[in-house]
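A.B. asks: Here is how the chains run, residue by residue.
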Amino acid sequence: MLPTMVLLPICMVFALPLLAKFANQAIGWIAFLIPLGLFVKYLSYLPEVSRGEVIYTEIPWVSNLGIDLAFRLDGLSLLFALLITGIGTMVVLYSIFYLRPHKDFFHGFLPQRVERLGNFYVFLFVFMGAMLGVVTADNLIILYIFWELTSTSSFLLIGYWFDKDASRYGAQRALFVTIIGGLALLVGFILLGQAADTFSISQILAHPEQIKNAPLYPVIAILIMIGAFAKSAQVPFHIWLPTAMEAPTPISCYLHSATMVKAGIFLLARLTPVLGNSHLWQGTIVIVGISSLLFGSFMALRKTDLKAILAYSTISQLGLIVCLVGIGTKAALLAAMFHLFNHSAFKGSLFLMTGIVDHQTDTRDIAFVSGLGKVMPVTAGIAFIGSLSMAGLPPFSGFLSKELFITSVAEAGQEGLSFFGSFTVVLTIVAVIASLFTFVYSLTIFGKAFTGKLKSPGEHPPHEASPGLLIPACALVLFNVVVAIFPNVFGRVLIAPAAETIAGVPVESHIAFWHGFNLPLLLTLIIFAGGAILFANAERFKPFILRLKSPIGAEKAYEWAVPRIYNTSGRVTDFYMRGSLRNYTALTMLAFILLTALPLTIYSLWGNLSFDNLAPVTILEIVMVLVAMTCAFAVTRFRRPLFAVLSLGGVGATVSFFFVVFRAPDLALTQLLVEICSTVLFLMALRMMPERMDPNPPTRPIRRKLNAIVSISLGALVAFLSYWGHSNKSFSPISWFYSENSYTRGGGHNVVNVTLIDFRGLDTMGEITVLSIATVGVLMLVNLVPKERSLLRPTHKHGKLPLSTNNVILYTTLQTLALIILVTSLFIFWKGHNAPGGGFIAGLMFSGAVLLIYLVRGRLFRGQIDVNYKMLLPIGLSFAVGCGLGGVFFGEAFLSHTFGYFHVPFFGEIELATATIFDFGVFLVVIGTVLSIVTNIGKGQEDL
Amino acid sequence: MELIIAILIGFLFAAGAYLILERRLLRVVMGASLMSHGVLLFLITAGSLKRGLAPILVEGGEEYVDAVPQALILTAIVISFATTAFSLVLAYKIYHRGGKDDLEKLRGEVDAHDEHRNE
Chain A
1 MLPTMVLLPI CMVFALPLLA KFANQAIGWI AFLIPLGLFV KYLSYLPEVS
51 RGEVIYTEIP WVSNLGIDLA FRLDGLSLLF ALLITGIGTM VVLYSIFYLR
101 PHKDFFHGFL PQRVERLGNF YVFLFVFMGA MLGVVTADNL IILYIFWELT
151 STSSFLLIGY WFDKDASRYG AQRALFVTII GGLALLVGFI LLGQAADTFS
201 ISQILAHPEQ IKNAPLYPVI AILIMIGAFA KSAQVPFHIW LPTAMEAPTP
251 ISCYLHSATM VKAGIFLLAR LTPVLGNSHL WQGTIVIVGI SSLLFGSFMA
301 LRKTDLKAIL AYSTISQLGL IVCLVGIGTK AALLAAMFHL FNHSAFKGSL
351 FLMTGIVDHQ TDTRDIAFVS GLGKVMPVTA GIAFIGSLSM AGLPPFSGFL
401 SKELFITSVA EAGQEGLSFF GSFTVVLTIV AVIASLFTFV YSLTIFGKAF
451 TGKLKSPGEH PPHEASPGLL IPACALVLFN VVVAIFPNVF GRVLIAPAAE
501 TIAGVPVESH IAFWHGFNLP LLLTLIIFAG GAILFANAER FKPFILRLKS
551 PIGAEKAYEW AVPRIYNTSG RVTDFYMRGS LRNYTALTML AFILLTALPL
601 TIYSLWGNLS FDNLAPVTIL EIVMVLVAMT CAFAVTRFRR PLFAVLSLGG
651 VGATVSFFFV VFRAPDLALT QLLVEICSTV LFLMALRMMP ERMDPNPPTR
701 PIRRKLNAIV SISLGALVAF LSYWGHSNKS FSPISWFYSE NSYTRGGGHN
751 VVNVTLIDFR GLDTMGEITV LSIATVGVLM LVNLVPKERS LLRPTHKHGK
801 LPLSTNNVIL YTTLQTLALI ILVTSLFIFW KGHNAPGGGF IAGLMFSGAV
851 LLIYLVRGRL FRGQIDVNYK MLLPIGLSFA VGCGLGGVFF GEAFLSHTFG
901 YFHVPFFGEI ELATATIFDF GVFLVVIGTV LSIVTNIGKG QEDL
Chain B
945 MELIIAILIG FLFAAGAYLI LERRLLRVVM GASLMSHGVL LFLITAGSLK
995 RGLAPILVEG GEEYVDAVPQ ALILTAIVIS FATTAFSLVL AYKIYHRGGK
1045 DDLEKLRGEV DAHDEHRNE
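As you go down the protein sequences, you meet chains A and B in turn. Numbering-wise (the numbering used here), the first sequence opens with residue 1 and increments by one. Numbering-wise (the numbering used here), the second sequence opens with residue 945 and increments by one.
No lab work stands behind these hints: they were computed from the structure. A quick note: this is a predicted structure, and the numbers were derived from the prediction, not measured. Mixed in with the good hints, there may be bad ones.
List time: in silico EDC-like cross-link candidates among lysine to aspartate or glutamate, alpha-carbon distance up to 16 angstroms [said to hold, decoys possible]:
{"no.": "1", "chain 1": "A", "residue 1": "Lys729", "chain 2": "B", "residue 2": "Glu946"}
{"no.": "2", "chain 1": "A", "residue 1": "Lys303", "chain 2": "A", "residue 2": "Asp365"}
{"no.": "3", "chain 1": "A", "residue 1": "Lys448", "chain 2": "A", "residue 2": "Glu539"}
{"no.": "4", "chain 1": "A", "residue 1": "Lys455", "chain 2": "A", "residue 2": "Asp362"}
{"no.": "5", "chain 1": "B", "residue 1": "Lys994", "chain 2": "A", "residue 2": "Glu621"}
{"no.": "6", "chain 1": "B", "residue 1": "Lys994", "chain 2": "A", "residue 2": "Asp612"}
Residues from chain A shown here face chain B by an in silico Cβ test under 8 angstroms; the list is partial [what the hints assert, rightly or not]:
{"no.": "7", "residue": "Ser580"}
{"no.": "8", "residue": "Leu581"}
{"no.": "9", "residue": "Arg582"}
{"no.": "10", "residue": "Met589"}
{"no.": "11", "residue": "Gly652"}
{"no.": "12", "residue": "Arg663"}
{"no.": "13", "residue": "Pro665"}
{"no.": "14", "residue": "Asp666"}
{"no.": "15", "residue": "Gln671"}
{"no.": "16", "residue": "Val710"}
{"no.": "17", "residue": "Ala716"}
{"no.": "18", "residue": "Ser722"}
{"no.": "19", "residue": "Tyr743"}
{"no.": "20", "residue": "Arg760"}
{"no.": "21", "residue": "Gly777"}
{"no.": "22", "residue": "Leu784"}
Where is the CB? At the ideal position from N, CA and C, for every residue including glycine.
Could you build the full structure based on these sequences and the hints that come with them?
C.D. replies: This is the structure in structure tokens:
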């Protein structure tokens, strides 16, 4: 069930675009059901998981590499899965109304935007599935795949309004930073997998000591921490989160606050039992966490855009949770999971609140808007509870987890971080200062936007949002109250099991408002008092806060590095990519020569030639070699293309002669027929090309010499390789199998034909597919509409193709000849199994015969016999595939053939093999290929 | 026999390569065609030349030449026909669209990374 639940949202990707087409605006309601259903399903696992059971499913995948689709659901996974599906449900519901074309509110200056809802939900569901995959995967590689998928979908969602520069920039930056983290993570995972001898997380968790003692432990820990910090936007990788706020607000709420950014924390928590309990792990995590906490809360003070405040606040709050994970005591882990839950509740509702404000007033900058409480009381209520919970004020759940945090930090010196010594005092002070800042910016959100005099930049006075927007936000914010009333109910069933998964020992949930008079209480009071003073005098402190500037920073480093990376890579590429195709070809050839010659030299293999055991040579053959060479040389020298084409044909003809000599009758026939067809093709193409082949302007002589050197060395090397291969045969040939079994198992005497259509049928299937694709390519090219018609003139004065030849003798003989060839081709096809012939050759002959008729009858022919040759391609392929499937139908492998002998009166005994059907498919495809190419090139000419 | 065929193969490759490095599109296509002839001969030389009967089984036939390269070459011939046809059509279409039959003049106008640099 677990894999299905992960894959369901991802599979919806294929259905959603269709639904978007038919359902239009209603698509959101269909989409809404998916996360809701998943949420309910995950909730049903709660009783078992709370008891400490682990639900596990495994589907073997690439078991050889130790990569299986393994999924586990334990306390930690379930907490995350419920957050992902629960908040996902609310966000989908919210987005239905948020992305709806505004009916009740008229945009004075913005044109109505029609949202591409199909894309929106596709990206959202990819993300949801990927995120569920991350939290339930039980295999490091699977986890990594889903991890990168969340980065990708986040990129797409940030860039959802891709017509805005800022969106594209933000999306790119988020992708860069998270992908860099992702790569570090991949390396870390691979090293971890090697150290543990398995990628299975369950097995790694079962033997933590194996990793702790591994020599590469520090490298593994650092790489994995980089991946986690980049994802959770921790200092110094935080720079992507504020710019990611260009995403639609429901997305910022869902990905960049409530779920995805917590994947980093999930990873740290997941691997803490293995990698944790070391100075490196705990020290780094605590310091990065506390720095992010302080930095984020300070930056949030400086911002006036609600979303920017919330973005920096997210960095800060995630830092708090990270810090708690680093401390690693039972109490700290409980606090971490509890705050993670609470953060999703208050930050999620605050984001949705921001979306409402933006939606109703067209701004989210608290410098321009105030006093909304009077006109938007429900939204104000949401903002009130959310802000106070975030500030850590009672009686909301934020207070409870903030208390636990302060307690854990204050006690870290005794338990958890004892190796820090007195440095824990600094930690405590930083935590208090950061909480003070948090207190102030949280109150600012509510105080600025909702109290005071009503101010709104829009032309119309703002009014309360529709219930569709309010309900999801209310639902989330209510958790701040409900959890505060029954903290230990949630604690026992949800939070403690998650903390237990990390701690490895039972964790008890005793969350309470009142812990007696102690140090944490004192610190809390300091925070409240200091925060109140700071908030009251905000105007006085503001200039001071804004003036602080850091000379160095991650932001500056990013801005410095990215353009330089572009430039450098551009320069490197320009160095060798100069735009000349000839140079690229020459370089490719040189590379081939060097890469082949180098090993030959290193292993000194140049001399391994033997001159005995050569096949005998006759005078005729030597003459034919000379003829072939002369023809080939002539091709390079002739300036008139017609002569060059004819010489090329000569080379082909001699090659076919050598096939006869080498006892390959099928090849000789094929080669001859193909040579005829391609010569015809060349001649037809010639009419379209400039007449003189003389390069104009001519190639420089030095270049010509260089080309000659490259090509001669290439030729020499290939000649050497060919001969060297003959002298050094490392393996005995496999051909005996084919000769031996051709008759007994394939039912044919012609080994080549039986190999093609029976033994290696799948290869042939590939070949005819390639033929079909090439033909389709030719047809598409021919039918391309030229840019300028004026260029479409024959370059010289050969007349049009004659309507028909008026030479009666030629007419009659050729036509008769063609008919004879047609019949012969069918015969050759039929005999192919036992004698030279078969589908390829028969197809070529058939096409040749049709071409003859075409030549004789000229353009009239097409009027007389109008055959759509390209239809032969799919028909032929269907024959081949259908024949292959026939084998499957009888329970054999694809392309299994059978044969039998039947007695037919008059014809005697004949053989019928199913392979013949396959061969017929080949036959049709070859005819389709040759004839559609030739007739269409011809067609192009007649249109001129 | 193997020796002189090896020389012929080398010659075909050299001539083909020389043509491929020319400026004219049509000559490039011809070069590729020459080279593919060389490849066919290379493949068949890799089997045993002239040692045994043609691979058509007959009664009493003991030894046959290697049928595997032959099957390989047969499809290669037909495919090289299709690709030659494709490149020919490509060549004359390029000529008609741009009026160019010269590889030196067929260059991309603005490269992708140049655009980035101009930003």
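A.B. asks: Hints first: check each against the structure and report whether it holds.
C.D. replies: Outcome of the hint check:
no., hint, result
1, A/Lys729 with B/Glu946, "holds (14 angstroms)"
2, A/Lys303 with A/Asp365, "holds (9 angstroms)"
3, A/Lys448 with A/Glu539, "holds (12 angstroms)"
4, A/Lys455 with A/Asp362, "holds (12 angstroms)"
5, B/Lys994 with A/Glu621, "holds (13 angstroms)"
6, B/Lys994 with A/Asp612, "holds (15 angstroms)"
7, Ser580, "holds (6 angstroms)"
8, Leu581, "holds (5 angstroms)"
9, Arg582, "holds (5 angstroms)"
10, Met589, "holds (6 angstroms)"
11, Gly652, "holds (6 angstroms)"
12, Arg663, "holds (4 angstroms)"
13, Pro665, "holds (6 angstroms)"
14, Asp666, "holds (6 angstroms)"
15, Gln671, "holds (6 angstroms)"
16, Val710, "holds (7 angstroms)"
17, Ala716, "holds (6 angstroms)"
18, Ser722, "holds (4 angstroms)"
19, Tyr743, "holds (5 angstroms)"
20, Arg760, "holds (6 angstroms)"
21, Gly777, "holds (5 angstroms)"
22, Leu784, "holds (6 angstroms)"
Every hint, counting from the list given before, is met by this structure.
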